[in-house]
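**Student:** This is what each chain is made of:
Protein chains: 2
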Amino acid sequence: MEEIKLFCPATIANVSCGFDVLGLCLEQPGDEMIIRKSSSPGIQITKIVGQDLPLENQKNVAGVAGLALLNELKELHAGFEIEIYKNIKPGSGIGSSAASAAGAVFGINQLLGQPFSAKELILFAMQGEFLASGALHADNVAPALLGGFTLVRSYNPLDVIRLPVPAELMATVIHPQLEVKTADARSVLKHSVSLKNAITQWGNLGGLISALYTNDYDLLSRCLHDEIIEPLRSVLIPGFDEVKATALAHGALGSGISGSGPSIFALSKSKSTAKEIASAMADVYRKFEVDYDVHVSKINCEGIKVL
Amino acid sequence: MEEIKLFCPATIANVSCGFDVLGLCLEQPGDEMIIRKSSSPGIQITKIVGQDLPLENQKNVAGVAGLALLNELKELHAGFEIEIYKNIKPGSGIGSSAASAAGAVFGINQLLGQPFSAKELILFAMQGEFLASGALHADNVAPALLGGFTLVRSYNPLDVIRLPVPAELMATVIHPQLEVKTADARSVLKHSVSLKNAITQWGNLGGLISALYTNDYDLLSRCLHDEIIEPLRSVLIPGFDEVKATALAHGALGSGISGSGPSIFALSKSKSTAKEIASAMADVYRKFEVDYDVHVSKINCEGIKVL
Chain A
669 MEEIKLFCPA TIANVSCGFD VLGLCLEQPG DEMIIRKSSS PGIQITKIVG
719 QDLPLENQKN VAGVAGLALL NELKELHAGF EIEIYKNIKP GSGIGSSAAS
769 AAGAVFGINQ LLGQPFSAKE LILFAMQGEF LASGALHADN VAPALLGGFT
819 LVRSYNPLDV IRLPVPAELM ATVIHPQLEV KTADARSVLK HSVSLKNAIT
869 QWGNLGGLIS ALYTNDYDLL SRCLHDEIIE PLRSVLIPGF DEVKATALAH
919 GALGSGISGS GPSIFALSKS KSTAKEIASA MADVYRKFEV DYDVHVSKIN
969 CEGIKVL
Chain B
669 MEEIKLFCPA TIANVSCGFD VLGLCLEQPG DEMIIRKSSS PGIQITKIVG
719 QDLPLENQKN VAGVAGLALL NELKELHAGF EIEIYKNIKP GSGIGSSAAS
769 AAGAVFGINQ LLGQPFSAKE LILFAMQGEF LASGALHADN VAPALLGGFT
819 LVRSYNPLDV IRLPVPAELM ATVIHPQLEV KTADARSVLK HSVSLKNAIT
869 QWGNLGGLIS ALYTNDYDLL SRCLHDEIIE PLRSVLIPGF DEVKATALAH
919 GALGSGISGS GPSIFALSKS KSTAKEIASA MADVYRKFEV DYDVHVSKIN
969 CEGIKVL
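Heads up: the protein sequence lines correspond to chains A and B, in order.
Here the numbering used here = 1-based position in the first sequence + 668.
Here the numbering used here = 1-based position in the second sequence + 668.
Hints are not guaranteed to be accurate.
If the Cβ cut is set under 10 angstroms, some of the chain B residues that face chain A in the computed set are [stated by the list, open to error]:
hint, residue
1, C685
2, L831
3, K858
4, H859
5, S860
6, A866
7, N872
8, L873
9, L880
I should point out that these hints are in silico values taken from the structure, not numbers from a laboratory.
C-beta: ideal position from N, C-alpha, C; glycine also.
So here's chain A without its partners, still in its complex pose:
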């Protein structure tokens, strides 16, 4: 195989009660990437369509992640060209950088005959995330690479668990075109939390994981709360409270901030409910005269796909 074309999906990190550990993969939106073998060693990003992002290797998450893989493999003579067709907007909070970082390592790994497992690829993709956010986090790249829901149990060593997905689960995501800098979203966090809130949070995360294994949508709904991060970060997202309340009023199982925002997600049990939620969420931002993108998607159980 000389060339591969990929679909690299958006992802929702945290999912309310799973700050820094939980993530899920979407069917839509997603980027496309073409990766091909090249005679010149290293990685060359030859084209980026749809967004104004740097082509230089060391400034692009795909380049950094891909080079991390090649360095580990000591494939110093291998060369790859990468084209990126961005549909996921950077800064939207649905894993734009993760899609590119994960896509690069997935594609290169395929073209090299799969020397690494999908779980091993997470480590390389995390290097791309480090460039994007200054933190080695895996809660977007893990679901992008493995699909479904993922739990990053530990970083040291990396321990990622693939969780099952209830078949009817749908996601709605609205991206208001407001800028929330990841640095701001980080700076509002407190270094300590009350033991009481922490207990509530781990009770909810435990319940949510049980719900995923038992297809218990009611339990899932009861667990989709975040008493720790959401109260701090939601103030950075104008309209958050109203959008969330609207989603719940239209049948969402739960709603919260996607990653560090500003996108807001809602989970629901059917496509028609998910669409209704999308329309109701959009009404809120139209009223506020804020531009938005809205997405309705099944949970993507495969992750990155070869097209």
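Starting from the known structure of chain A, fit chain B onto it as the hints suggest.
**Tutor:** Quick look at chain B alone, frame taken from chain A:
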């Protein structure tokens, strides 16, 4: 039915990463209780064998829990006599009060034709726990009533989830005859925890719950850590570090404080390993010249049993 004889098992609360939410039920040790209908209304504790505990209703967890049930049912004319044969030592940290409180409500519910579900009985049994510890906690009474592993997701309203049990899982519990007052065990806790430690804890609890659903003993083992409570409480239990290290050296999947101590538990994958751990743990306390009881038990998937 006029009379019922019950086996009321010991339980392990917290189970390392699940402070205040997780509990599991043991096959051994356990109390026996005889509960019979009586012509005089209310509850009379007529006999307690094995421990010096108060017979007065309002001072005994079984009386308080039983009356909570009768009050809810408005069965003001119903009367019951209770005999308690204690094998679980009060203050041991393996749910002695929970066994009595849960046993009382389970037995009375049976004799009344089961007006309440097992989950509903938890609320009444918690009233007994309130008498014993000053807190309305359910992490011992829930596994005593439901069996297996239980997750108390929320108290307001009460939301308890029954979790599956990997078939080969065994518990070893050593009870050093040292007094750790529940009040002391509570007073060493801090009101706040670092966000970093909280994330580690909910990652581990999430992983542990996944491990229970997938019979993944390795994952279970990786998750049996407590970076929040154990470092604070273990200093109240002389020999804790050595007992825990010994259990792990003899093949335990994990080891920690049972409830608020002083009992120390270890989980393992086979009866022979569980017995070996018991003998090694006992050696430590023999060396320290501390008396102890040691128990080896399967996980009890039924909870309280009618004998």
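**Student:** It remains to establish, for every hint, whether it holds in the given structure.
**Tutor:** Here is what the structure says about each hint:
About 8 angstroms separates the beta-carbon of B/C685 from the nearest beta-carbon of chain A, less than 10 angstroms, and the hint is met. Below 10 angstroms, beta-carbon pairs count as interface contacts, and B/L831 has one with chain A at about 6 angstroms; its hint therefore holds. Satisfaction of the interface hint for B/K858 is found here, the shortest Cβ-Cβ separation to chain A being roughly 7 angstroms, below the 10 angstroms cut-off. Using the Cβ-Cβ criterion of 10 angstroms, the hint placing B/H859 at the interface with chain A is satisfied: the shortest such distance is roughly 6 angstroms.
Here the hint on B/S860 is kept, as its CB sits about 4 angstroms from the closest CB of chain A, short of 10 angstroms. The restraint placing B/A866 at the interface with chain A holds, with a minimum CB-CB distance near 4 angstroms, inside the 10 angstroms limit. The interface hint given for B/N872 holds, since its Cβ lies 7 angstroms from the closest Cβ of chain A, which is under the 10 angstroms cut-off. Below 10 angstroms, beta-carbon pairs count as interface contacts, and B/L873 has one with chain A at about 5 angstroms; its hint therefore holds.
For B/L880, the shortest C-beta to C-beta distance to chain A is roughly 9 angstroms, which falls under 10 angstroms, so the interface hint holds.
The structure agrees with every numbered hint stated previously.
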